[in-house]
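Colleague: Now for the letters of each chain:
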Amino acid sequence: MNRLRVIALIVIVLLCALFVYIAEDIPVFGDPNAPPIKSVELFTLEVDHVASLMDQHVVPEKLSKELAKRGLPPPSRVEKIPGIEGEWNAFIAKEELHYAKEEKYYWIREEGDKLRISRYAFVARWIEKGLEETAVTNMVTYGLADYRGYDTLGETTVIFTAGVSVILLLRRRSRL
Amino acid sequence: MKEKQGEGNIIVETVARVMIPFIQLFGLYVITHGAGGPGGGFQGGVVFASAFILYVIAFNLTDGGARFPESGNIILSSLGLYIYAGIGLLAIFFTLGAAQYLNYGFIPFTSHFEENRALGMDFVEIGIGITVMAIIVSIFFDLALKDGDGKEEEEEGSR
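Going line by line, the protein sequences match chains A and B.
In terms of this note's numbering, the first sequence opens at residue 3 and continues consecutively.
In terms of this note's numbering, the second sequence opens at residue 4 and continues consecutively.
Among the hints, erroneous ones may be present.
One side only, chain A facing chain B, incomplete, derived with CB under 10 angstroms [unchecked claim]:
(1) Tyr23
(2) Leu44
(3) Leu47
(4) Val49
(5) Thr139
(6) Thr154
Partial list, derived from the structure: chain A residues whose beta carbon lies under 7 angstroms from chain B [stated by the list, open to error]:
(7) Leu155
(8) Ile161
(9) Ser167
(10) Leu170
Bear in mind the hints are in silico, worked out from the structure with no lab data behind them.
Idealized CB from N, CA, C, for every residue including glycine.
The following block holds chain A by itself, in its conformation from the complex:
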């Protein structure tokens, strides 16, 4: 009996350690670099004077031209991300695409002597990169079981809990 308790204690401690280990891995809420919210990278540019133009809230012509070449909407406004050196947000004017308001659309960051221009929008990434990343054709499935896997695990737990509650409340028989 005593030995059983020790084994149980060890198992519980190991499980707790495992859960802490798992919890360390869960992405921070609102973290723009979390795997499911990552943006789609478009192209890179040379830094030279583009960065200094953007620091003065001017949309560089070179950037607009590169975007137009790829059929993307031109930015109307560039803003430095507060608190981070070498990162900018570019906005597109309202009703430029199907957005009712001015939309934060491009994410520009400096890496070495290159500017990496990426596009925000989770939906765009979901639609465009999903098949490539998961090899599943159904958009809903990779959303449900992969990108939002934690959520579905929780949902299944809810159903299991509901079933167990019904067993405990309604099953008035000797054996469980």
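Using the hints provided, position chain B relative to the given structure of chain A.
Modeller: Just chain B now, kept in the frame of chain A:
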């Protein structure tokens, strides 16, 4: 007792006997083709459970209980959840140091990262399907059976 409840009706029994295998097959189809088409674990599990419920309605509770005993029911309902969480745990074991919980790509089912993710999703859907099926059947039996030992009461009543 038997005739009063409409049990032993040959039309109902025959139709149920013909339909049940097809309903079960359709349930399995919905679960396994969740990744490719409109379907998945939740819907497939409910369709599969409906086959058991049809069996109980067409025949009777005691036969249904014998086909799907409660002990097995409880085991199955937790087994599905264990499959889901176990797939996540496997991912942890294969990414020791990075702890990519539920990132199916790192589990070496095949040599391709993307196909691993697709296969991982399939296993997860199967786990969901098992849990949902067992829980639905369990709730149905709990609501359908009376208080006290349902089995004995049924047998006494039919005598």
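Colleague: Evaluate each hint against the coordinates.
Modeller: Hint check:
no.: 1; hint: Tyr23; verdict: holds, 6 angstroms
no.: 2; hint: Leu44; verdict: violated, 22 angstroms
no.: 3; hint: Leu47; verdict: violated, 30 angstroms
no.: 4; hint: Val49; verdict: violated, 32 angstroms
no.: 5; hint: Thr139; verdict: holds, 6 angstroms
no.: 6; hint: Thr154; verdict: holds, 7 angstroms
no.: 7; hint: Leu155; verdict: holds, 6 angstroms
no.: 8; hint: Ile161; verdict: holds, 6 angstroms
no.: 9; hint: Ser167; verdict: violated, 10 angstroms
no.: 10; hint: Leu170; verdict: violated, 10 angstroms
In the structure shown, a violation is registered for the earlier hints numbered 2, 3, 4, 9 and 10, in ascending order.
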